[in-house]
Amino acid sequence: MTHALLAATPLWMPSAADLQRLGPLWSLAGTIVAVLFAALLVGRNYRVAGAIATLGGVFTATLCWRGITGGAVPFAGLAPEAAAPMLVVDQFSCFFIFLISVFLVLVTGMWFMGLDAGVPDEAARRRDAVEFFVLFVGSAFGMALMVSTSNLLMIILAVESASLPSYGLAGFRKKHRPAAEASLKYILFGAVTSAISVYGASLLYGQFHTLDLMKISTAIGSQGISVLTGVGLFAFLIGVAFKVSAVPFHFWCPDVFEGASIEITTWLSVASKAAGLGLMLRIMWLLSCTVQSADAMRWVAHAVAIMAAITCTVGNFSAFRQTNLKRLLAFSSIAHAGYMLMAVSIIWQPRESAAGMPHPASSAVIAYMIVYLLMNLAAFGVVAMVYWSTGRETMDAFNGLGWRNPLLGVVMATCLFSLVGLPPLGGFITKYYLLIALYDASLIWLIFVAVFNTLLSLYYYARIAYAMYFVQSDEAPVRAPAMGQFAVLMCAAAIVLSGTFYAGKLKSFSDQRSRDMYGAMQPTGLRVAERPTADSMH
Amino acid sequence: MLEALAFYIFAAVTLVSAIGVVASRNIVRSAVCLLGTLGGVACLYFLLNANLLAAIQLIVYAGGTLILIVFGVMLTSKSPWVVFDPTRGQVVGAVIVSILLATGLCMLLVGNEWPAGTAMTASPHVKDVGTMLLTDYLVPFEAASVLLLVVMIGAAYLARPEK
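Read top to bottom, the protein sequences are chains A and B. Using my numbering, you'd call the opening residue of the first sequence number 1 and step up by one each time. Using my numbering, you'd call the opening residue of the second sequence number 1001 and step up by one each time.
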């Protein structure tokens, strides 16, 4: 029986070189298994679990860094010749996995600091560390998959792999009512959006008889966008917009950010958005990878531009009345997702010298993402340290922080003004690159929206700065762990440096990462041969 | 002829029980009506020669999910006769949205060609699907297994009683 089966279908083995290219993904999956096996061998030890997660993150980051500096060539494959390529590796995906795994390590550090600082549910945290890190690394694995695929089926699986562990993480504090409520809202919202997304994917598959975005793009190029394609694409993108928390799919975001413990809030605010935006950029990029399909995709891109403008404005307006810092930063992160979505809406525009030149949109998003990571890590770090010291996350805990702990005050002020986008900070320079890219794409109205929103956001960020320096408070000085203070200080220094001395370096780094993106416009090193469309399930 | 007759019977069963699911105010009755809907859809799959899909539909949805729903209701509610009472406004709104959505989708589904549908001719065997899963779709299969592992750990954690 086995012999008959083997004879009937020649077994397929990926080559060693192909497997090696996907090292970062194996490394993350291996970390999950290692955490579990270590628990079998040494029992529930939170130090071991945390150490393995850290090591796994560092190892993955190293592998990605080798891919980035070693000039990883665009590669799409890991499926037999007949099927559509399942996984994509290029500088772009290496960069995003690098970002995610570095952030994984940093948030793990934050988790350990929280233990030492004496959070209320400390004993439970130590006991459940194994489950925590399995879910944590599991969501990182899903996010890494999200940025390294061009296949509808894999995209759906990747979004689920990133979402499902996040639901568990949001409700990880089981005895905490807001956490349970946040987790439930997150699940319901995620379930509905992913159902719509899968429906959209099935419409696309039914119409084009392929799961590969590249082939769908070719078909769109020759047939144009029909109503059916539009509905399918829109429904499919809803699942991704949910991960980015673009309006109107953002309702989960403030509740989850407020209810989850602060490490998870930090994690979701950066990693989930990074993966979602990377995926969104890749989808739009691949769908408009031929001249004809780029022309057809214009209308979808306009829809994304409108969504970006609404996301920004709603995020900023909703942040006005917030008094809980985590909730306020949630709306701020929605607004920032809006800025980055603006870049997604211009990626369909073909560049004349496409072969050697990076696309300004993806380059702008990469630069923005680096600085956004630093800003959010430092801002949430300060909020966490204030919370550990005072037990509150509300605005009044920040009254007089500039005098109660000068270092935290300075770091927080730097982050806030960088989040607004004031010179000479990193937030300014990356927003500047973004606006330049929009200007090149002649989307002037979107520039006005972005600038108007920057002015809006000045109000609520400055309100925190005002509370820190001009509101009198007779509370005790904020005591914070030395390592934590050092870490946020480093972030603030990096924000200042990226806006001044290293602005050019940031630009050239992000240009380089988006140059070798997998797609038809880059003819070098492309490994996709014309394949027969035999990837149906029959 | 016989096939068409069978189709109309199964479609009617599906639709009538679907209406029962939304019209019933008792949540346990809704769940039982859901059995008719899921079973009807499974029969439609059988008619389309999608044997494996039909079997999966019966095992996973009719067998698993449905029982989960009934258990969920029994374990969480204070009485098994939970009645949910939507206001008139909610009902009108839901009906309007559903009719609009159904009309739009039907127009889309009927008015277009489906290359993926016409390519399905022969009845797929379970063996073919299995071979596909371990060749063409090996990577998604493995990714799904990692996902299930992580989700299982998470579910076990959330369901475990606190000591």
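Treat each hint with caution, since some may be false.
Partial pick of chain A residues on the chain B-facing surface, computed with a CB cut under 8 Å [stated by the list, open to error]: (1) G30; (2) A79; (3) L87; (4) D128; (5) L145; (6) L153; (7) G168; (8) E181; (9) T218; (10) S222; (11) G224; (12) I225; (13) V227.
With beta-carbon atoms standing in for the labels, derived distance ranges [what the hints assert, rightly or not]: (14) A:Q223 with B:I1099: 46 to 54 Å; (15) B:G1111 with A:V291: 50 to 58 Å; (16) A:A180 with B:G1089: 25 to 33 Å; (17) A:A124 with B:G1089: 37 to 45 Å; (18) B:N1112 with A:A462: 19 to 27 Å; (19) B:T1087 with A:L407: 50 to 58 Å; (20) A:R44 with B:G1104: 33 to 41 Å; (21) B:G1111 with A:L184: 55 to 63 Å; (22) A:V291 with B:G1104: 56 to 64 Å.
Subject to a maximum C-alpha distance of 25 Å in a straight line, what follows is the list of computed DMTMM-like cross-link-like pairs (lysine to aspartate or glutamate) [unchecked claim]: (23) A:K215 with B:E1113; (24) A:K215 with B:D1085; (25) A:K215 with A:D18; (26) A:K175 with A:E122; (27) A:K174 with B:E1162; (28) A:K185 with A:D116; (29) A:K185 with B:D1085; (30) A:K175 with B:E1162; (31) A:K174 with A:E122; (32) A:K185 with B:E1162.
Derived by calculation from the structure, the hints in this document are not laboratory data. Don't be surprised by glycine CBs; every beta carbon is placed ideally from N, CA and C.
The hints, checked one at a time:
no. : hint                            : in the structure
1   : G30                             : violated (10 Å)
2   : A79                             : holds (6 Å)
3   : L87                             : holds (6 Å)
4   : D128                            : holds (7 Å)
5   : L145                            : holds (6 Å)
6   : L153                            : holds (5 Å)
7   : G168                            : holds (4 Å)
8   : E181                            : violated (14 Å)
9   : T218                            : violated (14 Å)
10  : S222                            : violated (13 Å)
11  : G224                            : violated (13 Å)
12  : I225                            : violated (13 Å)
13  : V227                            : holds (7 Å)
14  : A:Q223 with B:I1099: 46 to 54 Å : violated (30 Å)
15  : B:G1111 with A:V291: 50 to 58 Å : violated (28 Å)
16  : A:A180 with B:G1089: 25 to 33 Å : holds (29 Å)
17  : A:A124 with B:G1089: 37 to 45 Å : holds (44 Å)
18  : B:N1112 with A:A462: 19 to 27 Å : violated (53 Å)
19  : B:T1087 with A:L407: 50 to 58 Å : holds (55 Å)
20  : A:R44 with B:G1104: 33 to 41 Å  : violated (53 Å)
21  : B:G1111 with A:L184: 55 to 63 Å : violated (39 Å)
22  : A:V291 with B:G1104: 56 to 64 Å : violated (32 Å)
23  : A:K215 with B:E1113             : holds (18 Å)
24  : A:K215 with B:D1085             : violated (49 Å)
25  : A:K215 with A:D18               : holds (22 Å)
26  : A:K175 with A:E122              : holds (13 Å)
27  : A:K174 with B:E1162             : holds (9 Å)
28  : A:K185 with A:D116              : violated (31 Å)
29  : A:K185 with B:D1085             : holds (22 Å)
30  : A:K175 with B:E1162             : holds (9 Å)
31  : A:K174 with A:E122              : holds (13 Å)
32  : A:K185 with B:E1162             : holds (22 Å)
Checked against the numbered hints above, the structure breaks hints 1, 8, 9, 10, 11, 12, 14, 15, 18, 20, 21, 22, 24, 28 and satisfies the rest.
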